[in-house]
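Asker: Let the sequences and hints guide you as you build the complete structure.
Here numbering that gives the first Met the number 0 is used: the first residue of the sequence shown is 0, the next is one more, and so on.
Check each hint, because a few of them may be wrong.
As the list claims (entries may be wrong) - The calculated lysine-lysine pairs, modelled on DSS-like cross-linking and capped at a C-alpha distance of 27 Å, are:
1. K141 with K166
2. K141 with K159
3. K169 with K159
4. K141 with K168
5. K166 with K138
6. K116 with K159
7. K159 with K138
8. K141 with K116
9. K141 with K169
10. K166 with K116
11. K116 with K169
12. K116 with K168
13. K116 with K138
For the record, the hints were derived by calculation from the structure and aren't laboratory data.
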Amino acid sequence: MSWRERRRRRPTFWDLVMDLFEEFERIEEEFDEWFRRSVREIPGWEEIERGVRVYGPYYYGVSVSIGPDGRPVIREFGNIKPTRFGPRFVEEREPLVDVMEEDDEVVVIAELPGVEKEDIDLRCDGRELIISVDTERRKYYKQLELPSEVDPSSARASYKNGVLEVKLKKVRPERKGERIKVE
Numbered sequence: 000m001s002w003r004e005r006r007r008r009r010p011t012f013w014d015l016v017m018d019l020f021e022e023f024e025r026i027e028e029e030f031d032e033w034f035r036r037s038v039r040e041i042p043g044w045e046e047i048e049r050g051v052r053v054y055g056p057y058y059y060g061v062s063v064s065i066g067p068d069g070r071p072v073i074r075e076f077g078n079i080k081p082t083r084f085g086p087r088f089v090e091e092r093e094p095l096v097d098v099m100e101e102d103d104e105v106v107v108i109a110e111l112p113g114v115e116k117e118d119i120d121l122r123c124d125g126r127e128l129i130i131s132v133d134t135e136r137r138k139y140y141k142q143l144e145l146p147s148e149v150d151p152s153s154a155r156a157s158y159k160n161g162v163l164e165v166k167l168k169k170v171r172p173e174r175k176g177e178r179i180k181v182e
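Answerer: Written as structure tokens, this is what we have:
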């Protein structure tokens, strides 16, 4: 046998590399088959497969404005909540909300496109306002702390062209203590 024939039979570096890739492909195919068999053994898997839901769209953003004290106010909105373990998707969207404090009232403006005014649920306890919409097509939820205590019974709300405006009268702090007569 000549050295040329021996050289042809001896595998080259690239032959070894290709053998490795073929082995990886074989292992991957075996793993895929094992996974398919294992998943089928999970109790209730058929129900899980049939109940596949499509989620979306997903969005996340921030609103930056200047507060009454001259400092920037950064608010997050959207239906993706960042966590330590990665993003968490929530079914309801968080509307973009702006809160303005005026002399005698607090004004809240929220963007709620695609809903009817009858579907909007507003709740206020004096310190917090909850905006919620739960329909088949759209879900919104926002719980916000108000900058001042307000009178929930004085609330007025209007909804036009996808924009909700809520006006709440501030509660005037009562002066505590008794009047002292000066002699």
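Asker: For the pair we were handed, K116 and K138, check the Cα-Cα distance against 27 Å.
Answerer: Given that 27 Å is the threshold and the Cα spacing comes to 13 Å, the pair holds.
Asker: Just to be careful, I want the Cα atoms of K116 and K169 compared with a cutoff of 27 Å; is the pair within it?
Answerer: Holds, because 25 Å separates the two Cα atoms, which is no more than 27 Å.
Asker: Regarding the pair K169 and K159, is the alpha-carbon distance no greater than 27 Å?
Answerer: holds (24 Å)
Asker: For the pair supplied as a hint, K141 and K168, confirm whether the alpha-carbon distance does not exceed 27 Å.
Answerer: Satisfied, since the Cα-Cα distance of roughly 20 Å is no more than 27 Å.
Asker: Below or equal to 27 Å on CA atoms is what counts here, so check K166 against K116.
Answerer: holds (16 Å)
Asker: Does K141 pair with K166 here, judged by a C-alpha cut-off of 27 Å?
Answerer: holds (16 Å)
Asker: Holds or violated: are the alpha carbons of K116 and K168 at most 27 Å from each other?
Answerer: With a Cα-Cα distance of about 22 Å, the restraint between K116 and K168 holds, given a limit of 27 Å.
Asker: Is the straight-line distance between the alpha-carbon of K141 and that of K116 27 Å or less?
Answerer: Holds. K141 to K116 sits at ~16 Å (cutoff 27 Å).
Asker: Straight-line Cα separation of K141 and K159 no greater than 27 Å?
Answerer: Holds, at roughly 19 Å.
Asker: Does K138 sit within 27 Å of K159, going by the straight-line distance between their CA atoms?
Answerer: holds (18 Å)
Asker: Just to be careful, I want the Cα atoms of K116 and K159 compared with a cutoff of 27 Å; is the pair within it?
Answerer: holds (8 Å)
Asker: Holds or violated: K141 and K169, Cα atoms, limit 27 Å.
Answerer: holds (21 Å)
Consistency note: the structure conflicts with none of the earlier hints.
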